[in-house]
Amino acid sequence: MKQAAQDRAWLMSLYRRMVLIREFEERVKYLFLEGIMPGTIHQYQGQEACAVGVCAALDQDDVITSTHRPHGHAIARGLPVNSLMAELFGKVTGCCKGKGGSMHMGDLSRGMVPAVAIVGGALPMAAGIALSFRMKKEKRVAVAFMGDGATNEGTFHEALNMASVWDLPVVYVVENNLYAASTHVSLAMKTKTIAERASAYGMPGCTVDGNDVLAVHAAAKEALDRARAGKGPTLLELVTYRITGHSRRDPALYQPEEEKKKALANEPIGRLAARLKVDGIADDKALAEIRDSVKAEIEEAVKRAMADPEPRPEDTLEDVFA
Amino acid sequence: MKRLGIAEALREAIAEEMRRDERVFCIGEDIGIPGGWGGAFTVTLGLEKEFPDRMINTPISEAGFTGVAMGAAMMGLRPIADMQYADFLFCAMDQMANQVAKMRYMSGGKISIPLVMRGPVGVTGRGAQHAQMMEPYFLPLPGVKIVAPSTAYDAKGLLKAAVRDDNPVLIFEHKLLYGSKGPRVESGAFDASSDIPDDDYIVPLGKGIVRREGSDVTIIATLLMMHRSLEAAAILEKDGISAEVIDPRSLVPFDWDLVKGSAAKTGRVITVEESPRRGGVGSEIAAVLAEDMIDFLVAPVKRIAAPDTPAPFSPPMEKYYVPDAPRIAQAARDLMAIS
Chain H
1 MKQAAQDRAW LMSLYRRMVL IREFEERVKY LFLEGIMPGT IHQYQGQEAC AVGVCAALDQ
61 DDVITSTHRP HGHAIARGLP VNSLMAELFG KVTGCCKGKG GSMHMGDLSR GMVPAVAIVG
121 GALPMAAGIA LSFRMKKEKR VAVAFMGDGA TNEGTFHEAL NMASVWDLPV VYVVENNLYA
181 ASTHVSLAMK TKTIAERASA YGMPGCTVDG NDVLAVHAAA KEALDRARAG KGPTLLELVT
241 YRITGHSRRD PALYQPEEEK KKALANEPIG RLAARLKVDG IADDKALAEI RDSVKAEIEE
301 AVKRAMADPE PRPEDTLEDV FA
Chain A
323 MKRLGIAEAL REAIAEEMRR DERVFCIGED IGIPGGWGGA FTVTLGLEKE FPDRMINTPI
383 SEAGFTGVAM GAAMMGLRPI ADMQYADFLF CAMDQMANQV AKMRYMSGGK ISIPLVMRGP
443 VGVTGRGAQH AQMMEPYFLP LPGVKIVAPS TAYDAKGLLK AAVRDDNPVL IFEHKLLYGS
503 KGPRVESGAF DASSDIPDDD YIVPLGKGIV RREGSDVTII ATLLMMHRSL EAAAILEKDG
563 ISAEVIDPRS LVPFDWDLVK GSAAKTGRVI TVEESPRRGG VGSEIAAVLA EDMIDFLVAP
623 VKRIAAPDTP APFSPPMEKY YVPDAPRIAQ AARDLMAIS
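Taken in order, these protein sequences are the chains called H and A. All residue numbers for the first sequence refer to the working numbering, where the first residue is 1 and numbers rise by one. All residue numbers for the second sequence refer to the working numbering, where the first residue is 323 and numbers rise by one.
With the rest of the complex left out, here is chain H:
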């Protein structure tokens, strides 16, 4: 009975985290369209189950690396929403003191390396983080998130090969949202799946429904256990869909209407909601309450971030060297 209650609470926490990402992104999109927020953004709507499913399987001191599309990873990893919103506004209270912005948000002390916005750029780094865990005899694991496009970069080959040769405690997570910017995955690779590329490195690879947060969590758990046990890296391919543009002004006209319609019907939050209802864990009212509380949290973060102090111009000169 107690176990069932815990499971319920855990499922609801996954749901809340996914909704937090979705509402955060929707609010941020609006702030951009209003012209209130500086910079550019790459958003995560539709891929929430990937970040949340993987991060829910992490230990507290595991470390993730991220990409130019990092908001979802940061929220899933548990970075305070206030510090993320403030970073997007370029405020000193941001997680990187306003020096990172959208594409570099992160906080190593909370288990997330500031995001690397060069496609594939963080893959060797993740292997190095894993190497440090091994050399220091720590039972920690590094997880590198990437998009499908990164698997065509040279660093993908170099990093996965080294990680496998040395049996490093690292998990490579590909969020295959079918498009590298505007280019469909079928135009960029000949293999049917990305997971099968793992065989080139002698590591296991598996393709998972990336919109099913429980399937993602189970696959991540298995890969993390394997890494922690010293058995080496895994390549996880999470098949998902980006239900927004590549970046802030992209209407994604290259995504066929039919495909988009199917993707919307398959998006991860709706799927988890349906499951929670069928299993009698939550009703519409409970789910709506979560959404309302999330929205309130985000509004508070926006208000605070907008009121937070700007950096001094001469702060530009700090933080180059230790």
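It should be emphasised that the hints constitute simulated quantities derived from the structure, not laboratory data. Source: prediction; values computed, not measured. Do not take every clue at face value.
Straight-line distance between alpha carbons at most 30 Å, and here's what the computed DSS-like set of lysine-lysine pairs gives [stated by the list, open to error]:
no.	chain 1	residue 1	chain 2	residue 2
1	A	K582	H	K139
2	A	K560	H	K136
3	H	K136	A	K432
4	A	K432	H	K303
5	H	K139	A	K371
6	A	K503	H	K137
7	H	K29	A	K432
8	H	K277	H	K261
9	H	K231	H	K192
10	A	K371	H	K137
11	H	K261	H	K231
Cβ-to-Cβ under 10 Å is the rule here; a few derived chain A residues that face chain H [to be verified]:
no.	residue
12	G389
13	G398
14	N420
15	Q652
Think of the CB as a built atom: it goes at the ideal place given N, C-alpha and C, for glycine as much as any other residue.
Given the coordinates of chain H, assemble chain A onto it according to the supplied hints.
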């Protein structure tokens, strides 16, 4: 006190730092292999005997191992990475320029990258792709320190300082200065050995040194060109010209006080380097002196450098390409003719 060449001095520095601090480790291609080479230039030869778990031999993956070293550094280890030839840094350029150099800044100063990257440079009979002086490519890159030792004493002291520094440090080593005897002998090899003290010492980053005092003209050079400049100073002495030779030793940070002080004294400055003149180290020195020291200069700053071409292979062309003592001396005479 003992006499060591640069390769041996570097090896001793690495071993001592690894003994002192268990977070220090080596990573690179063809290192730590019993019966192997100790990297392309014997610098890490035999270290696997004492440190079997801290000599990480990698596949041929320059971008890969640079990123691996960075990831380990970020988590508190202190890697000494070995780029077999500094030219291969281009393969790792995204990792160096976008990741290693910028991570601390992007994190708002929360992350340190105590990474040492060693890279052999120098035009040495190997054609265009194993010859380049890489300093100019990294000079404008914020977030990375650069040192370039010309003697064994400095090589050891600078490497130890680099390992103890909490920032990324590139150490460029000249292939012709590693040693002039034994396995390191090759055409043009130059004896840069030094008396190495028995006690622990460092050469601080950012501190240059006057190699020879003089009053008429200042010659600024690192690595092999520092030795060529000393030869030029000896030639000039016979002509009655007193040349001061300054070895900056570090390019980032740079000892501007030393260089400006010498420029103020002599009023004539020559920079010497082995890479193309366009956008070189000498260009930066000349620009700063023009901005800050114009009232002290009695003649234009002269940049002696290689032509704006790749390094050629054939010996007569290579000889033409690399500045030598007579060329440096002639430049000094030309400057002395301007009063």
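Legend entry - Contradicted hints - numbers only: 1, 2, 6, 11 and 15
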